[in-house]
Amino acid sequence: MSLIDEAAAFVRDRSQGGDEARVLVIAGSGLGGFVKGISPASEVSYHDIPGIGGSTVAGHAGKLVFAYCGDERTPLLVMAGRRHLYEGLSAQEAVRLPQAILQAFPAVNKVVISNAAGGLNPKFAVGDLMLISDQINWMFQNPLVGPNDEARGPRFPDVSDNYSKALRGLARQVALDEGITLREGVYVGMHGPSYETRAEVAMLRHLLGADAVGMSTVPEALVATHAGRQVLGISFISNLLTTPAVTTHEEVMGNAAQVEERFSRLLMALIPQLHRGV
Numbered sequence: 063m064s065l066i067d068e069a070a071a072f073v074r075d076r077s078q079g080g081d082e083a084r085v086l087v088i089a090g091s092g093l094g095g096f097v098k099g100i101s102p103a104s105e106v107s108y109h110d111i112p113g114i115g116g117s118t119v120a121g122h123a124g125k126l127v128f129a130y131c132g133d134e135r136t137p138l139l140v141m142a143g144r145r146h147l148y149e150g151l152s153a154q155e156a157v158r159l160p161q162a163i164l165q166a167f168p169a170v171n172k173v174v175i176s177n178a179a180g181g182l183n184p185k186f187a188v189g190d191l192m193l194i195s196d197q198i199n200w201m202f203q204n205p206l207v208g209p210n211d212e213a214r215g216p217r218f219p220d221v222s223d224n225y226s227k228a229l230r231g232l233a234r235q236v237a238l239d240e241g242i243t244l245r246e247g248v249y250v251g252m253h254g255p256s257y258e259t260r261a262e263v264a265m266l267r268h269l270l271g272a273d274a275v276g277m278s279t280v281p282e283a284l285v286a287t288h289a290g291r292q293v294l295g296i297s298f299i300s301n302l303l304t305t306p307a308v309t310t311h312e313e314v315m316g317n318a319a320q321v322e323e324r325f326s327r328l329l330m331a332l333i334p335q336l337h338r339g340v
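Read in order, the letters of the sequence shown correspond to residues 63 to 340 in my numbering.
The hints are all genuine.
Ranges between beta-carbon positions, derived for each pair:
id, residue 1, residue 2, range
1, Arg260, His311, 11 to 21 Å
2, Val308, Arg338, 38 to 48 Å
3, His253, Glu134, 37 to 47 Å
4, Lys185, Ala103, 36 to 46 Å
5, Met315, Arg260, 22 to 32 Å
6, Gly231, Met63, 32 to 42 Å
7, Leu238, Lys185, 15 to 25 Å
8, Gly115, Gly316, 25 to 35 Å
9, Gly271, Glu313, 24 to 34 Å
10, His109, Lys185, 35 to 45 Å
11, Met63, Lys185, 44 to 54 Å
12, His253, Ser195, 20 to 30 Å
13, Lys185, Ala71, 42 to 52 Å
None of these hints come from the bench; they were simulated from the model.
In this text, a Cβ means the ideal position worked out from N, Cα and C, and glycines have one as well.
When you get a sec, could you build the whole thing from the sequences and use the hints?
Printed below as a string of structure tokens:
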């Protein structure tokens, strides 16, 4: 039995009600406030899941939660926190948990991935929410490298619609109904943990055409698409890289407070529609 198989069996046994869920939310840095607004039915610490291990990053609770969302009590699974390559993990290790969850709960057919990201587009402001339209893998690692298990997905997956056009259209409509402004742009994933140099910022924006940069999401989006799930990505613009200010993790966490209400409200309205199907 592989480590993914072991982890899948463990979360399936301990996520009471998880078979009801159709949506998995991966909540990134500073966006755990959404978890506070849902009604948890069961939760599992990452530390307890075989082959996973807890997150070492402030702002990542490190637990898998099965919960109900909103007045409709829509069932969903939430990863409160994630594992990153910069914690000393390979790309394969970093995505072992989302792979295990998707294996354990095949009815989960949509994955919402959120992150805190630095703004590269000069039109963006701190606190903006950005729909990810596409991604650039500048981590120079791909979690799909190595032997392929055809039961999990094809050897050569097509990721041209890695961030579902249909889900983005739905998110834009829900945001409009809720009075929430959504930006849209290209996300570039860097290895980290250091923030970008001024030369790297110029390269990412002017040569690669990226609108936001972060240290996560790209590996998770790849394995979700590989597994045949639809992916919706949402970045919170936590700091601006278009000015010569110093970036700190404390700044990122502090700025998250101003977006938690809007982010939570967007997801609360969006998840029931994702659950019903697009």
